[in-house]
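Number of protein chains: 2
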Amino acid sequence: MQANEQEFRQVEQFLKDHDDFLVVSHVQPDGDAVSSTLVVGWLLSCLGKNYVMVNEGPIPQRMSYLLHSDRIMDLSVTPLSKPYKHIICIDCADFRRVGKTSDYFASDAEILNIDHHPTNDGFGSINLIVPGAAATVQVLYDFVKWLNLRLDHDIATAIYTGLLTDTGGFRYSSTSPSVMAIASDLLKYGVDGPGLSQLLLEEMTLPQIRLLTIALNGLQMSEDGKISWVTIDDEDMKQSGAIHEDLEGIVNYPRNIQGVEVGLLFKVIDENTVKVSMRSAGKVDVAAVAHSFGGGGHVRAAGVRMQGSLAEVVSQIVEQVKSRL
Amino acid sequence: MQANEQEFRQVEQFLKDHDDFLVVSHVQPDGDAVSSTLVVGWLLSCLGKNYVMVNEGPIPQRMSYLLHSDRIMDLSVTPLSKPYKHIICIDCADFRRVGKTSDYFASDAEILNIDHHPTNDGFGSINLIVPGAAATVQVLYDFVKWLNLRLDHDIATAIYTGLLTDTGGFRYSSTSPSVMAIASDLLKYGVDGPGLSQLLLEEMTLPQIRLLTIALNGLQMSEDGKISWVTIDDEDMKQSGAIHEDLEGIVNYPRNIQGVEVGLLFKVIDENTVKVSMRSAGKVDVAAVAHSFGGGGHVRAAGVRMQGSLAEVVSQIVEQVKSRL
Numbered sequence: 001m002q003a004n005e006q007e008f009r010q011v012e013q014f015l016k017d018h019d020d021f022l023v024v025s026h027v028q029p030d031g032d033a034v035s036s037t038l039v040v041g042w043l044l045s046c047l048g049k050n051y052v053m054v055n056e057g058p059i060p061q062r063m064s065y066l067l068h069s070d071r072i073m074d075l076s077v078t079p080l081s082k083p084y085k086h087i088i089c090i091d092c093a094d095f096r097r098v099g100k101t102s103d104y105f106a107s108d109a110e111i112l113n114i115d116h117h118p119t120n121d122g123f124g125s126i127n128l129i130v131p132g133a134a135a136t137v138q139v140l141y142d143f144v145k146w147l148n149l150r151l152d153h154d155i156a157t158a159i160y161t162g163l164l165t166d167t168g169g170f171r172y173s174s175t176s177p178s179v180m181a182i183a184s185d186l187l188k189y190g191v192d193g194p195g196l197s198q199l200l201l202e203e204m205t206l207p208q209i210r211l212l213t214i215a216l217n218g219l220q221m222s223e224d225g226k227i228s229w230v231t232i233d234d235e236d237m238k239q240s241g242a243i244h245e246d247l248e249g250i251v252n253y254p255r256n257i258q259g260v261e262v263g264l265l266f267k268v269i270d271e272n273t274v275k276v277s278m279r280s281a282g283k284v285d286v287a288a289v290a291h292s293f294g295g296g297g298h299v300r301a302a303g304v305r306m307q308g309s310l311a312e313v314v315s316q317i318v319e320q321v322k323s324r325l
Numbered sequence: 001m002q003a004n005e006q007e008f009r010q011v012e013q014f015l016k017d018h019d020d021f022l023v024v025s026h027v028q029p030d031g032d033a034v035s036s037t038l039v040v041g042w043l044l045s046c047l048g049k050n051y052v053m054v055n056e057g058p059i060p061q062r063m064s065y066l067l068h069s070d071r072i073m074d075l076s077v078t079p080l081s082k083p084y085k086h087i088i089c090i091d092c093a094d095f096r097r098v099g100k101t102s103d104y105f106a107s108d109a110e111i112l113n114i115d116h117h118p119t120n121d122g123f124g125s126i127n128l129i130v131p132g133a134a135a136t137v138q139v140l141y142d143f144v145k146w147l148n149l150r151l152d153h154d155i156a157t158a159i160y161t162g163l164l165t166d167t168g169g170f171r172y173s174s175t176s177p178s179v180m181a182i183a184s185d186l187l188k189y190g191v192d193g194p195g196l197s198q199l200l201l202e203e204m205t206l207p208q209i210r211l212l213t214i215a216l217n218g219l220q221m222s223e224d225g226k227i228s229w230v231t232i233d234d235e236d237m238k239q240s241g242a243i244h245e246d247l248e249g250i251v252n253y254p255r256n257i258q259g260v261e262v263g264l265l266f267k268v269i270d271e272n273t274v275k276v277s278m279r280s281a282g283k284v285d286v287a288a289v290a291h292s293f294g295g296g297g298h299v300r301a302a303g304v305r306m307q308g309s310l311a312e313v314v315s316q317i318v319e320q321v322k323s324r325l
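Heads up: the sequence lines are chains A and B, in that order. Going by UniProt numbering, the first residue of the first sequence is number 1, and it counts up by one from there. Going by UniProt numbering, the first residue of the second sequence is number 1, and it counts up by one from there.
No lab work stands behind these hints, which were simulated from the structure alone. There may be inaccurate statements among the hints.
Which copy is meant is left open, so a pair is good if it fits within one copy or across any two.
[To be verified] Calculated pairs, DSSO-like style, for lysine-lysine (alpha carbon to alpha carbon, straight line, at most 30 Å):
(1) Lys85 / Lys283
(2) Lys188 / Lys283
(3) Lys145 / Lys188
(4) Lys16 / Lys283
(5) Lys16 / Lys145
(6) Lys82 / Lys100
(7) Lys322 / Lys226
(8) Lys85 / Lys49
(9) Lys49 / Lys322
(10) Lys188 / Lys275
Pulled out of the complex, with its shape left as it was, chain A reads as follows (with noise of 0.2 Å):
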């Protein structure tokens, strides 16, 4: 699953052979996002290039431990003084996933595209993607070792939120005995996993958690226990004081429920738009309930907006589902 020793070579090729890089990740970056840009910036600093790392939006707050991200620019604060020609994208799935940075990139820009998305459409002038790493991180510590470069605790860090992030700590199917293996490597330079468990994974906002008790006590059941539900309203959000990145991580309430094959969560968007966030435990495919209304995802997490009440879109998705049962 390793990317070969030849992809190694004309990535290092591209690093060497210019300077004055862009480095930019996805909008709304996650862990591995942001990781994987310092973790490319700290790779060009020890090779003596000139760098700027960017993003269209803020880094979140709860990764501000990490080392040099604050130097990160956000671009919807700070536009950036001039286009740049070469530029490395990272655990970006397709162009689009760059976002207003791309108004940077020079007409005759060349990009090296590196990515663990097995649905990468490879846009890059050079390409490094590798669908069998868990997260970008993991391309990016293989690269790291093929080069020879020498860890420290920080970039240890950076990679361990990567990896971390990006497999639900250690719990997705991505889960790897590389994975595994990388962790405990990285473990040896120090770095505070079972802190950063807590910190990424464990610890909710008091709004979160408010918002989290909301959708409980409205918690509904299919007939025969096989589907779970919650909904979330406006009125739900504002007396939390909960936001858009709170509702994360509820739908996995309903879906963890023994014996539930299918956890949804309605999140009312305005009085005839309803967001659904489906997962399934593996026997129902919700991309396929996604995508026929419109939707999409993969076969055990997937997402469609609707239009229609709450009520009618409850109605029709749960009836959806029950029919793939």
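With chain A's structure known, arrange chain B on it following the hints.
Only chain B this time, still in chain A's reference frame:
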């Protein structure tokens, strides 16, 4: 942190010198206790020995996927036919932890005591205690490797189960480089790590989620946001249909709120008795709090049974915690 050569040799000798062993773990067995029992059973089979695996009570239903877990006798259902002279005690910090099974220890019994608890008092005739190990299965893994025995899928699954449950899914401070290296090795035998994580760490029963909901509805915070607590009484248990073990994990919700130093769970036992579970983020030594009321535990996790009404106990504990902040 591994056991030394000499300790392993002593254990090997004990196993080779005798036959007809009684293999027992602690009362109310958890993932590590059940898995360790099975690993020792497998090891004895490999050595061609006779043995009986036993526990004072039943094996948790959730662990019935473990091969031969149905062979661990439940003493509360089936008494043993005779006393045993050669005993292997697993994951028991002291002798009392074996419970009523000790009724079947011959008066001249020789005990092999295998454990990882730092507080183990060395009650065995032979002791293999590795305080640096995250779980007793880790001690056994090292021993199995030292013996040059070949793992298979089923036994690797048992070891992974013990590691997963005793490290809270690779999140506790015991999650060392060796733990991750062992996990990596075990996954190579085709262990379904993600499936086990789902089953053992993510899944909740409907009564469990109902109880959580009730608890969260009553979530309280101190004015400075540093102490948070929930309370559960008999009516809550009845209403949710929950059983005692469903209480586990609930105290983590108040504890995991951003900014909270101490999370508390107050469980009403009867009108004049309250059981208190305490979890600390690290600043407050909750063992000291528990100790001041006659309880015990560790710096970050402790508990105590107190006399008084719920309101009285809450007030006493919260005041005591406040004074230590």
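Structure-based check of all given hints:
1. Proximity of Lys85 and Lys283 under a CA criterion of 30 Å is satisfied in neither setting, with 47 Å inside one chain copy and 50 Å between copies.
2. For a Cα distance limit of 30 Å, the shortest separation of Lys188 from Lys283 across copies, 25 Å, qualifies, whereas the shortest one inside one copy, 40 Å, does not.
3. When the C-alpha separation of Lys145 and Lys188 is checked against a cutoff of 30 Å, the pair qualifies both within a copy, at 15 Å, and between copies, at 22 Å.
4. In this assembly of identical chains, Lys16 and Lys283 lie within 30 Å of each other by CA distance neither inside one copy nor across copies; the values are 48 Å within and 48 Å between.
5. In this assembly of identical chains, Lys16 and Lys145 lie within 30 Å of each other by CA distance solely inside one copy; the values are 17 Å within and 45 Å between copies.
6. Within a single copy, Lys82 and Lys100 get their C-alpha atoms as close as 14 Å, which meets the 30 Å cut-off; across copies the closest is 77 Å, which misses it.
7. Within a single copy, Lys322 and Lys226 get their C-alpha atoms as close as 9 Å, which meets the 30 Å cut-off; across copies the closest is 45 Å, which misses it.
8. In this assembly of identical chains, Lys85 and Lys49 lie within 30 Å of each other by CA distance solely inside one copy; the values are 14 Å within and 71 Å between copies.
9. Taking the shortest Cα distances, Lys49 and Lys322 never come within 30 Å of each other, neither inside one copy (56 Å) nor across copies (52 Å).
10. Taking the closest pair of Cα atoms, Lys188 and Lys275 never come within 30 Å of each other, the shortest separation being 43 Å inside a single copy and 40 Å across copies.
In summary, the structure is inconsistent with hints 1, 4, 9 and 10 from the numbered list given earlier, while agreeing with the others.
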